[in-house]
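Asker: Those protein sequences? They're chains A, B and C, same order as listed.
Our numbering numbers the first residue of the first sequence as 1 and each following residue consecutively.
Our numbering numbers the first residue of the second sequence as 1 and each following residue consecutively.
Our numbering numbers the first residue of the third sequence as 1 and each following residue consecutively.
Derived by calculation from the structure, the hints in this document are not laboratory data.
Backbone N, C-alpha and C define an ideal beta-carbon position, used for all residues, glycine too.
It is possible that some hints are incorrect.
Calculated lysine-lysine pairs in the BS3-like style (CA-CA distance at most 27 Å, straight line) [as the list claims (entries may be wrong)]:
{"id": "1", "chain 1": "A", "residue 1": "406", "chain 2": "C", "residue 2": "79"}
{"id": "2", "chain 1": "B", "residue 1": "233", "chain 2": "C", "residue 2": "68"}
{"id": "3", "chain 1": "A", "residue 1": "327", "chain 2": "C", "residue 2": "77"}
{"id": "4", "chain 1": "B", "residue 1": "233", "chain 2": "C", "residue 2": "55"}
{"id": "5", "chain 1": "A", "residue 1": "309", "chain 2": "C", "residue 2": "128"}
{"id": "6", "chain 1": "A", "residue 1": "309", "chain 2": "C", "residue 2": "124"}
{"id": "7", "chain 1": "A", "residue 1": "336", "chain 2": "C", "residue 2": "79"}
{"id": "8", "chain 1": "A", "residue 1": "309", "chain 2": "C", "residue 2": "68"}
{"id": "9", "chain 1": "A", "residue 1": "336", "chain 2": "C", "residue 2": "55"}
{"id": "10", "chain 1": "C", "residue 1": "124", "chain 2": "A", "residue 2": "336"}
{"id": "11", "chain 1": "C", "residue 1": "68", "chain 2": "A", "residue 2": "336"}
{"id": "12", "chain 1": "A", "residue 1": "406", "chain 2": "C", "residue 2": "55"}
{"id": "13", "chain 1": "A", "residue 1": "406", "chain 2": "C", "residue 2": "68"}
{"id": "14", "chain 1": "B", "residue 1": "233", "chain 2": "A", "residue 2": "168"}
{"id": "15", "chain 1": "A", "residue 1": "168", "chain 2": "A", "residue 2": "201"}
{"id": "16", "chain 1": "C", "residue 1": "79", "chain 2": "A", "residue 2": "309"}
{"id": "17", "chain 1": "A", "residue 1": "327", "chain 2": "C", "residue 2": "79"}
{"id": "18", "chain 1": "A", "residue 1": "327", "chain 2": "C", "residue 2": "55"}
{"id": "19", "chain 1": "A", "residue 1": "406", "chain 2": "C", "residue 2": "77"}
Some chain A residues close to chain C (C-beta under 7 Å, calculated; not the full set) [claimed, not checked]:
{"id": "20", "residue": "59"}
{"id": "21", "residue": "237"}
{"id": "22", "residue": "242"}
{"id": "23", "residue": "246"}
{"id": "24", "residue": "276"}
{"id": "25", "residue": "305"}
{"id": "26", "residue": "334"}
{"id": "27", "residue": "338"}
{"id": "28", "residue": "409"}
One-letter residues, chain by chain:
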Amino acid sequence: MSKLDVSRRGLLRTGAVTGAGLALPTIFTAQSAAAFTNDPTGGSVTLGFNVPQTGPYADEGADELRAYELAVDHLNGDGDGGMLNSFSSKALEGSGILGKKVEYVTGDTQTKSDAARASAKSMIEKDGAIMISGGSSSGVAIAVQGLCQEAGVIFMAGLTHSNDTTGKDKKANGFRHFFNAYMSGAALAPVLKNLYGDDRKAYHLTADYTWGWTQEESIKAATEALGWETVNTVKTPLAATDFSSYIAPVLNSGADVLILNHYGGNMVNSLTNAVQFGLRDKVVNGKNFEIVVPLYSRLMAKGAGANVKGIHGSTNWHWSLQDEGSKAFVRSFGTKYGFPPSQAAHTCYVQTLLYADAVQRAGSFNPCAVAEALEGFEFDGMGNGKTLYRADDHQCFKDVLVVRGKENPTSEFDLLEVVEVTPREQVEYAPDHPMFAGGQLGSCNPGA
Amino acid sequence: MFGLDKKDTSLLMIVAVLTLFAPFILNPFPTGSGLAQFNAGYPDLMQRFVIFGIFAIGFNILFGLTGYLSFGHAAFLGVGSYSAVWMFKLLSMNVLPAILLSVIISGLFALVIGFISLRRSGIYFSILTLAFAQMSFSLAYSVLTPITNGETGLQLTLDDPRVLGVTATADGSIPVTNLFGLEMRGTYEMAVGPWAFQFNIGYYLCALVLIAAFYLAIRIFRSPFGMMLRAVKSNQQRMNYTGLNSKPYTLAAFVISGMYAGLAGGLMASMDPLAGAERMQWTASGEVVLMTILGGAGTLIGPVLGAGFIKYFENIFSKINDNVLHGWFSFMPDGLEDFVVFIVHPFIGKGWHLTLGILFMLVVIYLPGGLVEGGQRIAGWIKGNKQSDAQQSETKPAE
Amino acid sequence: MDAFLLQILNGLDKGSAYALIALGLTLIFGTLGVVNFAHGALFMIGAFCAVTVQKILSLSVETIDPDKTDFLGNPLKVKTPYVENWFGPDIGGTIIDWSVPLAILFAIPIMIAVGFIMERGLIKHFYKRPHADQILVTFGLAIVLQEVIKYFYGANPIPTPAPDALNGVANLGAIIGMDLIYPVWRIVYFCFACLIISGVFAFLQFTTFGMVVRAGMADRETVGLLGINIDRRFTIMFGIAAAVAGLAGVMYTPINSPNYHMGMDFLVLSFVVVVVGGMGSLPGAVLAGFVLGILESFASMEWAINLIPGINQIIIYLVAIVILLVRPRGLMGRKGVMED
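Construct the complete structure from the given sequences, taking the supplied hints into account.
Answerer: This is the structure we're talking about:
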């Protein structure tokens, strides 16, 4: 009984403190209580997965969510571990992050910057999310990245391809694993040269918003460097559903290559329309007319059906890759869900692991420590070969895939085949490249 | 009080109490509990409640009083947001000039659009406003990108001039919006037992503006001007025959309601300095129509209720996923649990649009007067019950 | 010159879809006096009838091909459609290939049924309610229908190609000695639209039923007083309007792969078309559909965009504003319809 030496005085004091704690609201500013926003204090840590669940990109968002769930499973030590086995950094042990169990909340971006920010805010303010990830368009990614910078949490971008995300709108708290428009151009150009020669006349149809413009700029620069001539660039409204009136002028423009800077539903429709107008069977200037879709998405390409056959483009990742990391990921994803993952799923999965790994290595959830651990981090085994998270702009540099619509698909997932893996050196650029100029990272914000 | 009769005063008081105590009212469930999912008492959503409340009140001044159904009101909200963000970029991070400018600019914008659109009435007026708003949206998304930053939305950057402020803070970040130094994002957290209540400065600014806006709306509703607007609704022709020119009145109502929208836009930008083009899309205009009708068009408090209802759905229901569902129903046997989750699944998370659509239809079908009518019916039913109880107790002894 | 002719063709093609949707909208408005915001959803349901027929026809039996492997390294399951098993790969393949035209047969009863259910189950109760209520309840219905489709078919577009025989291009200019290449299916679509439109007009003009309906549109009460059950006829007209929208949707699927929000994309536009044509005027709706389609095509030409930047984005709305200000009753409308 001697151990339980409770003095009357001590008891009173404890009682009084507890009583005060219950009776008096403890008013404190969030600012002073913690070193950074949403410091996880309990046995778990919450991540926020903010993906489009309604609107035209809902299916892509659903695939991203599946990847996140898988990543959380693997981080918590459930399932077969996926890419944790092939990842070059071995800091993660499948016991959560820093020993804390990983939990997650989900939200709907609706592919609108406003709604995406509202959803991300609710994750930060209500659910105490320490990291936000996801998105399926550049506008949303940039908007949410800006929010995370202000709020002091890390943003791990999902599918965003605009140069601006790590260019003029880059932020110290934001990181992008996905490739960008410049890389698409740099990867595609040599392949296009081999296939179609260096004397071509290109006609661009471009979705009339920021992503479209950066892609047009990038592809134009890359193809003109080959010696191609750009006959014309035409902007199409985002809301356009029928592209016939934009395709028709291509017929008599003298161009022999059509480049479709479209994504999602726009891409499906413009490609379908272009094929309808017989562009693929046309011979111009003594050469076969060709169509190029610089940014391919397998999920969306499915909507264009047989029209994608033989059409070249670039993607960040494809499930048919045969390296250890990709195989491990496809195996765990396929076993759990019954179909192979999309490139959006891949980038989201990898981003989650990279974040967890950075926290583990930094030994802290503090966004500044995490950012430091990610900056200049070089890794392998995540499906794209040796990859570098460049410190100057928080962009990942890795191999880029050039793909082509498959002529004889064996299944409904087997739409694309990898034509070439363009090595990382070829798609690298200086941090102050004019296409990326104009913004600054600023300093990392731990919030609070 | 304040020139209001007793009933209106009590209505204003109710609104004031509801908004000022919202952090408590909206957080009924302890933080750690499973039902915490339904808590709405966090700054961003509370701000949205009151901002869209202001928007809907303004819309109701036009629609509820004059019967003119504008399908392009979101354009004014968007214009307000853009002006406010430009103010932050060019002048200072103080919200006051930004909000003032947004009200003025959207007022001017409404004056021009209203002047043209009000030449027609009925569905023609709706289509005209819709056309103007869609034009604003399309142009803001593409051609006007230098002003609006297109798809991404207008954001603050580290190299904005900010004449009366700093371009960047000492530690190299973008300064935050404030009211004479009072930061809008400042939040005080109060822990009471298992509950955590958040008091946000930005929210209270919005709440005070809402109360003021609501007060103004009551005054407009009760004024001779409001009476004139009602006359427009009931029979404009007869009004014109009596020699009254109704156009200045409707135009004034249009501009006032445009300024309300601009005020909401300015506040929205003050809480979160970003202005996106999709704020002006016709679906956004449709949303405020839904809010007003859902709550009860023509009533004072209805639009605020409707705004809260829709925003609650958008932000709370969309965040419920299967994982959460399994958490709730984990007490059930496995097979039953999966079955229940399977049944509920289409209506939550990515299915929140479906739930909203169904509820919306139900309200329109069964409660033409909106939620306010629902409330009245419930009140009447309770009263009726009491009366019949009383009657019963009175009649019983006679037996 | 070629360019202009091509854009006129494009305009006629786009206009066909606008005209068909606007025609249905006007039929409903003219007969029942209801502003139907769910009309775009009917167009979408029609398109998904085609998707469904394609899916049904491609229902497959799975056989395991041990030589090939799927993405997980397991033996590949090869799918062979039942129809190919039953009729042999050639005929079976052709049946699947022709699924879109076949879907017309499927869509007509389905769409009429959908129209009946909609009118009897919901819209009937809204005749006496204000236009605003009608707009709102049908708008809610549109959301529900579109979300239901999304739940079953996903959000991504689904490819529904035209039959191979109609998939190529034709040289329309050969007759007049010019080079004018145009996709066959788009020509088919235009002809189909003309057929439907003239069918509807002939039905209204030359049948007793049509005559009664027209009389009812002009003066419902008097026709009712003559002892004619005008309500039942109007219900049938609603079914026909739904079928017109649905068929427009079915035939549209090869032009652009259908997705669940295609109805909403067309909805606002088709209202603008109706208003430009004149509320309640059937010929007006058709005319406005084609005119706006052609104007939209012209506006997307380069010289137009260079002249007024962004004109391709706003042309439809600009036209609507001008028409409403200059000629408020629309191109062919009667005065005073829906003014209050």
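Asker: Taking the hints in turn, state whether each one holds.
Answerer: Hint check results:
Annotation: proposed proximity of residue 406(A) to residue 79(C) holds, straight-line Cα distance about 18 Å (limit 27 Å). Note on residue 233(B) and residue 68(C): the hinted pairing is violated, with a Cα-Cα distance of about 72 Å set against a maximum of 27 Å. At most 27 Å may separate the alpha-carbon atoms for a hinted pair to count; residue 327(A) and residue 77(C) meet this at roughly 20 Å. Straight-line distance between C-alpha atoms of residue 233(B) and residue 55(C) comes to about 52 Å, which puts the hinted pair past the 27 Å bound.
Restraint check for residue 309(A) and residue 128(C): the C-alpha separation of about 55 Å exceeds 27 Å, so the hint is violated. A threshold of 27 Å between alpha carbons decides the hint, and for residue 309(A) with residue 124(C) the separation of about 49 Å lies outside it, so the pair is violated. A distance of roughly 22 Å separates the Cα atoms of residue 336(A) and residue 79(C); the hinted pair therefore holds under the 27 Å criterion. Distance restraint check for residue 309(A) and residue 68(C): the Cα-Cα separation of roughly 21 Å lies within the 27 Å cut-off, and the hinted pair is therefore satisfied.
Between residue 336(A) and residue 55(C) the alpha-carbon distance is near 25 Å, which keeps this suggested pair within the 27 Å criterion. For the hint linking residue 124(C) to residue 336(A), the alpha-carbon distance of about 48 Å lies beyond 27 Å, and the restraint is violated. A C-alpha spacing of about 22 Å is found between residue 68(C) and residue 336(A), which places the hinted pair at or below 27 Å, so the restraint holds. For the given pair, residue 406(A) sits about 22 Å from residue 55(C) by alpha-carbon distance, which is consistent with the 27 Å threshold.
Distance hint between residue 406(A) and residue 68(C) is fulfilled; the C-alpha atoms sit about 16 Å from each other, no more than 27 Å. Proposed proximity of residue 233(B) and residue 168(A) is contradicted: the alpha carbons are some 51 Å apart, above 27 Å. The hinted pair formed by residue 168(A) and residue 201(A) fails the criterion: a straight-line CA distance of about 30 Å is larger than 27 Å. Straight-line distance between C-alpha atoms of residue 79(C) and residue 309(A) comes to about 20 Å, which keeps the hinted pair within the 27 Å bound.
In summary, the hint linking residue 327(A) to residue 79(C) is supported, as the alpha carbons are separated by about 25 Å, within the 27 Å threshold. Restraint check for residue 327(A) and residue 55(C): not satisfied, since their Cα atoms lie roughly 31 Å apart, outside the 27 Å limit. Taking the CA atoms of residue 406(A) and residue 77(C), the gap is near 19 Å; set against the 27 Å cutoff, the hint holds. Satisfaction of the interface hint for residue 59(A) is found here, the shortest Cβ-Cβ separation to chain C being roughly 5 Å, below the 7 Å cut-off.
Proximity of residue 237(A) to chain C holds as hinted, the smallest CB-CB distance being about 5 Å (cut-off 7 Å). Interface restraint check: residue 242(A) against chain C, minimum CB-CB distance 6 Å, threshold 7 Å, status holds. Checking residue 246(A) against chain C by beta carbon gives a least distance of about 6 Å; that is within 7 Å, so the hint holds. Because the closest C-beta pair between residue 276(A) and chain C is about 4 Å apart, less than 7 Å, the hint holds.
For residue 305(A), the suggested interface contact is upheld, since its CB lies about 3 Å from the closest CB of chain C, less than 7 Å. Look at residue 334(A): its Cβ gets to within about 5 Å of chain C, closer than 7 Å, so that hint holds up. Nearest Cβ of chain C to the Cβ of residue 338(A): about 9 Å, over the 7 Å cut. The hint is violated. Hint status for residue 409(A) relative to chain C: violated, with the closest Cβ pair at about 12 Å, above 7 Å.
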